[in-house]
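K.L.:
Below are the chains, spelled out letter by letter.
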Amino acid sequence: MWNRSSSHLTRRNALNRVALGFGGMAFHSLMAETSADSVTVGGPLFPQEPKVPPKAKRIIFLFMHGGPSHIDLFDPKPVLTRDSGQQLPFSGSRVTFAQRGHLQGSPWRFRPCGDSGLPMSELWQHLPEVADDVCMIHSLCETNVSHGGACMKLHTGDEAQLRPSVGSWISYGLGTENQNLPSFITICPTSLHGGVNNFGSAFLPAIHAGVALGTPGYPNSAARDATFESLRNERRSPAQQRLQLDLLRRLHSQRSSGDSELDARLESFELAFRMQTAAPEATDMSAESRTTQALYGLDDPVTENFGRECLLARRFAERGVRFIQVSHANSLPFNNEQWDQHSHLVRGHSMNVRQIDKPITGLLTDLKQRGLLEDTLVLWGGEFGRTPTVQVGNAEFGRDHHTEGFTMWMAGAGVRQGFRYGSTDEYGYYATENRCTIHDLHATLLHLLGLDHTRLTWPHNGREFRLTDVYGEVATGVLA
Amino acid sequence: MRPFIIAIMISNWGGASGLAESTATGKTHLQVQKLFARHCLECHGPDAEQRQAALRLDDKTNATTAQDSGRTAIVPGSPQKSELLRRIVAKDETRMPPREAGAGLSTAEIQLVTRWINDGAKWTTHWAFLPPEDHELPPVRDSKWSRQPLDRFILNPIEAAGVVPTTSDRRTLIRRIYIDLIGLPPTPQQVQDFQNSQSPDAWTKVIDELLESPLYGQRWGRHWLDVVRYADSNGSDENHAYPLAWRYRNYVIDAFDADIPFDQFVQEQLAGDLLDSDARRNEGITATAFLAIGTKILAEKDPAKKQADMVDEQIDTIGKALLGFTLACARCHDHKFDPIPADDYYALAGILHSTRMEDRALETDTFLTAKMRHDQQVTELQATLQKLEQKLTENGNEILFRQAEQFQRGNAARLKTGYGEGIGIISDPGAQKTWVEWDVAIKVPSKYLFQFRYAALSARPGILSINGRTVNETAVNQTTGGWMPQHQKWISEGTFAFLTGNNTIRFESEPVMSHIDSIRLIRVGGADWEHVLADIDHTKTQLNALAENAPEPARVMAVAEGEPHDVKLHMRGNHLSLGEIVQRGFPLLASGVDSETTDLNHPIDAADSGRLQLAHWITDSQNGAGRQLARVIVNRVWQWHFGRAIVPSANNFGLQGELPTHPELLDWLALRLIEDNWSLKALHRRILNSATYRQRTATEPNSLFAGYARRRMDAEVIRDTLLFHAGRLDVTSAEYLGGVKSQDPSPEDLRNNEDLHRNSDKRSVYLPVIRSNTYRFFTAFDFPNSTTSIGRREMTTVPTQALLMMNDPFLMDQAQRFAASVLDAKSELTELTVINEIYSRLFNRVPSTTEKEFAWDFVTTFSEAIDANTSEQEAWAALCHTLMLSGEFVYVE
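Protein chains in written order, with my numbering: chain A, 1 to 480; chain B, 1 to 893.
Bear in mind the hints are in silico, worked out from the structure with no lab data behind them.
What you are looking at is a predicted structure, and each value in this text was computed from that prediction instead of being measured.
Heads up, none of these hints are tricks.
Just some of the chain A residues that point at chain B, by a computed CB distance under 8 Å: (1) 145; (2) 146; (3) 191; (4) 194; (5) 217; (6) 218; (7) 229; (8) 230; (9) 233; (10) 248; (11) 251; (12) 269.
Have a look at the derived ranges for each label pair, beta carbon to beta carbon: (13) A/350 with B/459: 36 to 44 Å; (14) A/79 with B/359: 48 to 56 Å; (15) B/65 with A/476: 36 to 44 Å; (16) A/270 with B/833: 26 to 34 Å; (17) B/61 with A/471: 30 to 38 Å; (18) A/242 with B/192: 32 to 40 Å.
The beta-carbon is built from N, C-alpha and C at its ideal position, and this holds for glycine as well.
Based on the sequences and whatever the hints tell you, model everything.
P.N.:
In structure tokens:
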């Protein structure tokens, strides 16, 4: 099994555990199942070669907080438009968030895009340019009907209990390619709906927790102002800090040199010092050309914030960060409704798409130009979709949370291009063909990274835990 | 290499001694059980539903009997005939565990199983399911080293391993015990006193002093708060604050200080509200927060599932914290590894489903006194009122009073909450034409003054008619300053004639209606009615004011008895798929006593939830789980003293847990605790007076407890120690320090949260624990997120700690204050004396000459070479800051 009991933390492991890296250790037993006592080369974040040849080396997750409407963005439903105003002709789900109203067709027209003819609604002005790179999954289902439960399910595989997030499992499984940066970075996360638990490491070692760029908050911070915590000292110059570290080293050599635990601790200070240099370099946009900045929409106030997040994601991807999350969430200066349009769907979704359309298109284009899309997987989606029916009681029409069938998409390493996988019924209500649960999605992500979701485990509470609990099947149909 | 294993094993059978220790004791089976639990029991264990091929490797009879296939899994004494062995080494698809389940058994594991079978496959019941037994003290060669009986349990295996036991120097010892017992280092004076003392009982005196210090409860209560997943917010999605949780926290601290017997402490936490103790009734109610402070999924839309989840959280905590078993595993199926059937889970669930969580009032002395005074005032005013009303009638007047909501006809909404909280009002049920009619019986025909009592922030006039005739088209046209009960006023609408018999009063209002509380008619014309009426109104206002300012009892998070009922088994944990009803009861197998004894001694009456019986059963060391409870707590106490427990998996004694390194010692200590009337302080004394505790620091941590394992301070100890050196630590008790927005926090809220912690000088235990937004400094040093019971904190060393320590202003501030205090005290002395003083306070020792040179070199370079403006004081502060970063500062030797 790919696991590691926290009980056999020997002194030598302790050394490995601290020796390198922000993230953690992809543990030795992941590398060689027979040699339980072998020493991991380089420690917790040492980059690990997965056992299954990987298609993707890293993931960029574009998280659409609030629940974008699949039937208004990517999943056209002519029958829904035809029957608009009538009641749902079958019984819907048992638990709903609000009261269900009549069917409501999409106010937007759809058209086929790219050579593949992938349908996108007219809201999308730029994304059609890269339609042929995208693999739609129309059949996501089975998540919690509240934002909190659904966000935690999407990020951690469990809607209620505290579990390690996807990114921290991946950090645990694969380590990272850059020892001076965290293995898992979340850019401008929200503090809502699970908050830090959505990028926490729970019972996995803390070193695998996502590191936030920007203080998690509601609204979440503007990308322009986002920084890592504790990476700067306001009072002491690097030269002064160097003196401090030198003194630490001299004192250590006097008293505890050769003690591996304390050696490792000292090394962690040196690493911290190196990270203080690496992180500002990674987030410094001044090196990006105007053309690149414009590609992401940094020159337009509407797209500037999300564009900046996407550009940061590319910079982290280039530097070997394993899992990067970009959140389109409540950032008040830009958008106070996220995707949660219980009412005012037309206004809200128009604004949301406008904010992300160009930046995402720019990101995919840029990744492709740089050859990064070959080993980077981009995932787009929210915690659920929206009902084909209106929500009762709102003057300006909107849609309720919908968990029975909705759309996410992938692009890049290892997935089919310009492809539609799975489907919903003619009203966009239930996922019908190739139903894909959140566990299935997680299994697929791990598979693309070369990890077997049934074997990436951690002992906790008296049993081996996995990201997918006892569920999950790889959606082989999306694989290239 | 696997095909060779059997061959290697067989060739070794002649001289089995070369392989490992003796297997005759059944000890090997404990390891084999663990191995089975890890690889096999999921499909070949207690859970009938998942069982494959009807084979059970947790059951001797089943495993050693031929299966339908004719093969026998385990043939004692014959590895060759045992199908099990063939399967675990097989290279083809018959290998077990099957390929898709993982890599299979390691060479060492296969050797272990082979050896066990070869030696006769002796079965033992897993140790944790057997009650503790008393043990003779083992023999030791060195008769002088031991100071306590328990030392012999430690010394015996140490001697067997050929290790020479050690004793630490006094400086290390005094620093160790201070940080261990009170979470703060000693002062130079305290160190000196102890080092210089010639008294033979100097050590015992230190122990006594520290155990009696209130700082002890703050430190050791905090350990327990880990176990009970204490927090001041709900966590999870809807993360609401728990502003009352602090009373439970302080109760825990007080209970440790007062050395409340541990069995009583547990009883109080499960059923303190039901115990027969007037003296500790308030403490008892407060203690039940143990069941209430867990995380709840408030956003769950399905109430049945929500309730089941809350009960599950309680069972999980009870199992881990008190019994050392993961009971919650049996929610969905019989436990996969431990003999805990789903029935046991639902028996316990029934007790908790029959229990309500609610905030409860505490009748403290202060409250009772205030309440008595208040009640007296109310009685007096009511008497006055009665007299006044009598006077009015005697004078020939009459008041007819009617609550507005007692109308005979109409479509008005009656509101008993919100705008009508506590009194009941009427208003419109939504914008429409709202009307209401009251029938009033009149005995004396006359003119009556008609009044409404209502609250209105803006005027909502309507039409008033009497007996079908409109008398006022703009009645209820006044404003009173608000919509709430406290804004209500009596307002006259005029004097109208009423007839003998029934009179109908109608009021209609469109589209909205003011918030009307009552109506009254006052027969006018008698003597002095206006004055009396004014007095009546005045008295009523006074009464209302009193009611609003009634003394409030202190409130606590707690539980209370609910509707007693048994629950049905939830098939696969699903609340929508129900099975048989399970009678309320206890997880019997987890107690090590047989069920009949328990049932006879702790019957649950149909009228009880069973919570009180649970409290008694779990602490009953004869016919209940008391001895198991004692094992679990002595194991924890040992861990908190030594950094490593006897059973390292302190929350899981089951098959998936770790085996005790010193099982006899564990049992011996558990039985002594019971004999000592469950006194934890007595247990501390046994341990602290031992030679085991007084050993030198271990060079390599080991499971023999040879040497005292060095460990990093807990997060709170680091913070408290920094504040202590800065001269700022405030150790006085605190209530909820509050002010933390835990629901939908903005960056600003989070900064406030951070500031609240950063700017507080309170001892760490008193800082609020906000789940999911735990203080950054604490989480960096492995403070748990407190969502489940924590048996053992992680101890990590990661660069984030280094970054925090190097760059966080908090550390630099404390270093600066500390440096200033040293310099102030030593202003006339040389720099070397200053360095001595710094070392003496921070490390309780004298620096070496080289260390002094390094330090002085640093101070001069820092202040001169780097920046001409850097003052010497800053350089000293930087020196202190650097020393605070060092391993010596944060590690306990």
